[in-house]
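So the chains spell out like this:
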Amino acid sequence: MGASQSARTEHEFQDLADRTGFSLEQIGNLNKRFRQLSKNEETLSRQDLASISALDNNPLRAQIINAFFDKRNLRQNEAGTVQVIGFEEFLMVMSHFRPAAMHITEEEREKLRREKLRFLFNMHDTDSDGTITLEEYRRAVEELLSKAGTIGQETAKAIADAAMLEVASTTRGKMEPDEFYEGITFENFLQKLQNESERATNLERRETERRKRRIRPWPLAILMDS
Amino acid sequence: MSVRVALHSPRGSRSFLERGLLLLVMLIFLEGTVLTLGAASSPDISAQDNTGGGDDQRGIEGRHGHANYTKKAFPVLSLDYRHIHVPFEISLWVLLASLMKLGFHLIPRLSSIVPESCLLIVVGLLVGGLIKLAGEEVPPVLDSNLFFLCLLPPIILDAGYFLPIRPFMENIGTILMFAVVGTLWNAFFVGGLLYAVCQIEGTYLSQVELLPCLLFGSIISAVDPVAVLAVFEEIHINELLHILVFGESLLNDAVTVVLYHLFEEYSDAGEVTPMDVVLGVICFLIVSLGGIAVGTIYGILAAFTSRFTSHTRVIEPLFVFVYSYMAYLSAEMFHLSGIMALIACGAVMRPYVEANISHKSHTTVKYFLKMWSSVSETLIFIFLGVATVAGPHAWNWTFVSVTVILCLVSRVIGVVGLTFIINKFRIVKLTTKDQFIVAYGGLRGAIAFSLGYLLDKDLFPMRTMFLTAIITEIFFTVFVQGMTIKPLVDLLAVKKKQEAKRSINEEIHTQFLDHLLTGIEDICGHYGHHHWKDKLNRFNKKYIKKCLIAGERYKEPQLIAFYHKMEFKQAIELVESGGGVKLPSAMPSQVSMQNIQPKKLPPAVAERALPQFTKGREEEIRKILRSNLQKTRQRLRSYNRHTLVADPFEDGWNDFILKKQRMIELEKKMSNYLTVPAAPPDSPTMCRARLASDPNAFYNIKASSDGVPTIQVDLASPQSPDSVNMLNEFSKRGATDQGLGQREGADRDEDQGLMMKPSSAGIEEKGEEGGGNKNPGLMRCLSDPGPSNEDEEDEPFLP
Numbered sequence: 001m002g003a004s005q006s007a008r009t010e011h012e013f014q015d016l017a018d019r020t021g022f023s024l025e026q027i028g029n030l031n032k033r034f035r036q037l038s039k040n041e042e043t044l045s046r047q048d049l050a051s052i053s054a055l056d057n058n059p060l061r062a063q064i065i066n067a068f069f070d071k072r073n074l075r076q077n078e079a080g081t082v083q084v085i086g087f088e089e090f091l092m093v094m095s096h097f098r099p100a101a102m103h104i105t106e107e108e109r110e111k112l113r114r115e116k117l118r119f120l121f122n123m124h125d126t127d128s129d130g131t132i133t134l135e136e137y138r139r140a141v142e143e144l145l146s147k148a149g150t151i152g153q154e155t156a157k158a159i160a161d162a163a164m165l166e167v168a169s170t171t172r173g174k175m176e177p178d179e180f181y182e183g184i185t186f187e188n189f190l191q192k193l194q195n196e197s198e199r200a201t202n203l204e205r206r207e208t209e210r211r212k213r214r215i216r217p218w219p220l221a222i223l224m225d226s
Numbered sequence: 001m002s003v004r005v006a007l008h009s010p011r012g013s014r015s016f017l018e019r020g021l022l023l024l025v026m027l028i029f030l031e032g033t034v035l036t037l038g039a040a041s042s043p044d045i046s047a048q049d050n051t052g053g054g055d056d057q058r059g060i061e062g063r064h065g066h067a068n069y070t071k072k073a074f075p076v077l078s079l080d081y082r083h084i085h086v087p088f089e090i091s092l093w094v095l096l097a098s099l100m101k102l103g104f105h106l107i108p109r110l111s112s113i114v115p116e117s118c119l120l121i122v123v124g125l126l127v128g129g130l131i132k133l134a135g136e137e138v139p140p141v142l143d144s145n146l147f148f149l150c151l152l153p154p155i156i157l158d159a160g161y162f163l164p165i166r167p168f169m170e171n172i173g174t175i176l177m178f179a180v181v182g183t184l185w186n187a188f189f190v191g192g193l194l195y196a197v198c199q200i201e202g203t204y205l206s207q208v209e210l211l212p213c214l215l216f217g218s219i220i221s222a223v224d225p226v227a228v229l230a231v232f233e234e235i236h237i238n239e240l241l242h243i244l245v246f247g248e249s250l251l252n253d254a255v256t257v258v259l260y261h262l263f264e265e266y267s268d269a270g271e272v273t274p275m276d277v278v279l280g281v282i283c284f285l286i287v288s289l290g291g292i293a294v295g296t297i298y299g300i301l302a303a304f305t306s307r308f309t310s311h312t313r314v315i316e317p318l319f320v321f322v323y324s325y326m327a328y329l330s331a332e333m334f335h336l337s338g339i340m341a342l343i344a345c346g347a348v349m350r351p352y353v354e355a356n357i358s359h360k361s362h363t364t365v366k367y368f369l370k371m372w373s374s375v376s377e378t379l380i381f382i383f384l385g386v387a388t389v390a391g392p393h394a395w396n397w398t399f400v401s402v403t404v405i406l407c408l409v410s411r412v413i414g415v416v417g418l419t420f421i422i423n424k425f426r427i428v429k430l431t432t433k434d435q436f437i438v439a440y441g442g443l444r445g446a447i448a449f450s451l452g453y454l455l456d457k458d459l460f461p462m463r464t465m466f467l468t469a470i471i472t473e474i475f476f477t478v479f480v481q482g483m484t485i486k487p488l489v490d491l492l493a494v495k496k497k498q499e500a501k502r503s504i505n506e507e508i509h510t511q512f513l514d515h516l517l518t519g520i521e522d523i524c525g526h527y528g529h530h531h532w533k534d535k536l537n538r539f540n541k542k543y544i545k546k547c548l549i550a551g552e553r554y555k556e557p558q559l560i561a562f563y564h565k566m567e568f569k570q571a572i573e574l575v576e577s578g579g580g581v582k583l584p585s586a587m588p589s590q591v592s593m594q595n596i597q598p599k600k601l602p603p604a605v606a607e608r609a610l611p612q613f614t615k616g617r618e619e620e621i622r623k624i625l626r627s628n629l630q631k632t633r634q635r636l637r638s639y640n641r642h643t644l645v646a647d648p649f650e651d652g653w654n655d656f657i658l659k660k661q662r663m664i665e666l667e668k669k670m671s672n673y674l675t676v677p678a679a680p681p682d683s684p685t686m687c688r689a690r691l692a693s694d695p696n697a698f699y700n701i702k703a704s705s706d707g708v709p710t711i712q713v714d715l716a717s718p719q720s721p722d723s724v725n726m727l728n729e730f731s732k733r734g735a736t737d738q739g740l741g742q743r744e745g746a747d748r749d750e751d752q753g754l755m756m757k758p759s760s761a762g763i764e765e766k767g768e769e770g771g772g773n774k775n776p777g778l779m780r781c782l783s784d785p786g787p788s789n790e791d792e793e794d795e796p797f798l799p
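Respectively, the protein sequence lines represent chains A and B. For the first sequence, the UniProt record's numbering assigns the number 1 to the initial residue and increments by one for each residue that follows. For the second sequence, the UniProt record's numbering assigns the number 1 to the initial residue and increments by one for each residue that follows.
Simulated from the structure, these hints should not be mistaken for laboratory data. Cβ coordinates follow ideal geometry from the N, Cα and C atoms, glycine included. One should not assume that every hint holds.
[Said to hold, decoys possible] These stretches of chain A come out as covered by chain B in the derived footprint (C-beta under 8 Å, 3 or more residues):
id	segment
1	14-24
2	105-119
[To be verified] Quick list of in silico lysine-lysine cross-link-like pairs, DSSO-like style, CA-CA up to 27 Å:
id	chain 1	residue 1	chain 2	residue 2
3	A	K157	B	K424
4	B	K535	A	K116
5	B	K535	A	K32
6	B	K101	A	K111
7	B	K546	A	K111
8	A	K157	B	K429
9	A	K116	B	K533
10	A	K32	B	K533
11	A	K111	B	K533
12	B	K497	A	K157
13	B	K424	A	K111
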């Protein structure tokens, strides 16, 4: 069993590594974690993720778990959610948090960046209609403040409204009173992040990428990025 | 403090004539003062002695009973310069520094070409030259005690208090690498190679030993925060590079301190055993961590103290300064790193202190820190110039030129080599350009000079030569590198700093990402950076904030605090711009709320969204009211030495929060009322009928420009202005606007048959009047049976 099994998984892993960009060690680590979470099943369900105790205090718990079961993030061009995911899907989602490789062209980097931002956008756009509406934004901010008690809920709306006004004013400029801004589209999302606060983008990117690096224990990092 | 101004000779001022009218005027003024007083002082003292003697005599004689007592005129005017000369001369130096700073900015082209630090050194050189020309001994102005105990702390505190924590912590690894390993490398490379050069025949330097060389290397290798700040603030480099170089200059202090003491200690003994090296490493850890610990303790103390200052707001800012200075002194007492203590103290206390002290005190802290640090900085550079003229110099071409070259070479090698290692760990790699700027921005400054000045003459016979070399290196970096770095930054097109205000979206996304990444990390089962940061944050929120922040504010999450701050700032801007009529929306935008408010809603959503809509409007109106009413209140405050005149917007947060709570209560009551299905089915038509019958009523509240209701608040209203209570204010508003409110309210009361308890009737009625008065949306709420009539959705009452 041993030899053929490991040869098979190695082959599979190599295949996955090519598609997701993870290294074999990283896939090994993530596979271990996957088995641990799914209790040695082939698939992972929402309950498995919800049972992670460290997530209990995270205000975004529901959104994060949803992101794993969102079909848009699994590189299938369809909306909706799935009930269980396999290891491959797990890796697909995780690959959004991977740092860009050292030597890639500017175009590839830009593409990668768009993909990452798309992931973020999808987390906000809960009804997958391509725009983040005021309602959705409000809900997102409410989630963010959900651990803050009553003050949070009262202010969340005001904050979301202010933020939405800000986006509308930077992406549209002046608007007539009877015009209607239906929500942030992905293009707006990119534009906003690029023009209005380049610093934020850098910060976000740095932050995201830093995070991705953390997936593997750092001693491995020396070996792998060189 | 032996600061002394010597007499300026009149002939010295001629050389100043060329330096422009302003400087001349200033110097004449300065000279005049010094000259008069200085010249007057000596005869005056003798005169006073005489007088004193006379007094004694008179006393004795008076007792005896007089005889040949010649009465001397009472000295109407007497001069006693010596009495005041120390503080007077200090003030003169400060005045000179400030006027110089002022002068440079009046000459517009000058400051864009030459950095201020260079100009100040030149001024110092000139002043020193003048003193020397006058034949006086040049005072040792840049005395080490003066420098380390008085001039340096304000600059470092300013840097620590306003340290951008987030970028600093994100790059802490790189910064530490440069600060510790880089400085060590520089010290040993420069020191070692200098020793090698000194051994070459024909340099006449063979008496220089290895340990003094290493000591010299450790003094000269540290990048100086004062010089870096002075130059980098002018070139507006991007945040990453700024924090890298500046952070390095702050954190290398511990290394410098340890190396300095170590080499000073052993240059006597002449032998270093491996044990000493181990001790040195331990010492380094103690010096740096101890400094941080001392700073943290004082920071927490300061935060805790500021919890109780709400009744004596005027002395609030003082605690920030005193505790920080104590932290610095305490650290220096144990030869710990005072700089690190100050940085830690400032950074630790800031978030808590800011939450506790009033907005005004915060402004005061800000201004005082900026003022002190800029004066200190100016003085340091001027003194550097003066000290150059003053010092005994021992110029040795080989030593000086080798020092300058070695410093450059070691810096470049160090930065390139370390970046090569660091880049393997960094997500955002340091490009070649970045490396160049980091290497080129390694300016040396007054700390090196002061350390060199501290050296014992007897132990180090070559002290003067060291000092000369240090001064040359400082001048080289400040003048050559400092002046060329700006054109080079432009030439290389290094990314500049973006002067963007922190937007609410940015804040939301930063927080969102933080939580997201923590979540992903947890899912991965990997306890990394974010996991611990999250843990720390939660701990901070749960325990520390509760202890250190007064009142209820500790519960406020960061995002909300940020939002309030932003709202607050805009409100103040609004008041300052004389507004109050303009729409005080939270964002300065041309887009109003109705543009993003969903218009066509399914009934279920609309039901929920409708009160929200009115609430948004209400909020705006309340703000207008609040600002105007508080203005009237402010006028009635009497003057008191211990309190400041109240700001229209700020009586501390307690007041604000109290009001806010009242507003919320009121709001709840109102919305209770609103959600009661009180509207009779015929109410819209009735309302319209009423509108038609009395159209003027609504012109009062008509929008000034873009459909936003504004209210003419009658500031000279005869109501007693001490009504702090918002409820009262509301009721008064209602009462004042009699033309509309009363009648409408009364009508509606009859129409709708309010279901109210008698006790609360007053409040609710008033609230409702206020609402109906001010807010068309609210009015519609009251009268509309449901959200289905969309024709009236937007501006139902505007013709």
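Restraint check for K546 of chain B with K111 of chain A, where alpha carbons must lie at most 27 Å apart: Violated: K546 of chain B and K111 of chain A sit about 45 Å apart, past 27 Å.
Using C-beta distances, would you say chain B covers the segment 14-24 of chain A, given that this needs three or more residues below 8 Å? violated (count 0)
Given the proposed pairing of K111 of chain A with K533 of chain B, does the C-alpha separation stay at or below 27 Å? violated (30 Å)
Hey, K157 of chain A versus K429 of chain B, does the alpha-carbon distance stay inside 27 Å? violated (39 Å)
Are the Cα atoms of K32 of chain A and K533 of chain B separated by 27 Å or less? holds (25 Å)
Are K157 of chain A and K424 of chain B close enough, with their CA atoms no more than 27 Å apart? violated (43 Å)
Hint check: K497 of chain B vs K157 of chain A, CA-CA at most 27 Å. Holds or violated? violated (32 Å)
Would the hint linking K101 of chain B and K111 of chain A be met if the CA-CA limit is 27 Å? violated (50 Å)
Do at least three Cβ atoms from the segment 105-119 of chain A come closer than 8 Å to Cβ atoms of chain B? violated (count 0)
Check whether the Cα positions of K535 of chain B and K116 of chain A lie no farther apart than 27 Å. Given that 27 Å is the threshold and the Cα spacing comes to 26 Å, the pair holds.
For the pair we were handed, K535 of chain B and K32 of chain A, check the Cα-Cα distance against 27 Å. At roughly 25 Å apart (the allowed maximum being 27 Å), K32 of chain A and K535 of chain B satisfy the hint.
Keeping to a limit of 27 Å between CA atoms, is the pair of K424 of chain B and K111 of chain A held or broken? holds (23 Å)
Of the numbered hints given earlier, the model fails hints 1, 2, 3, 6, 7, 8, 11, 12; all others are met.
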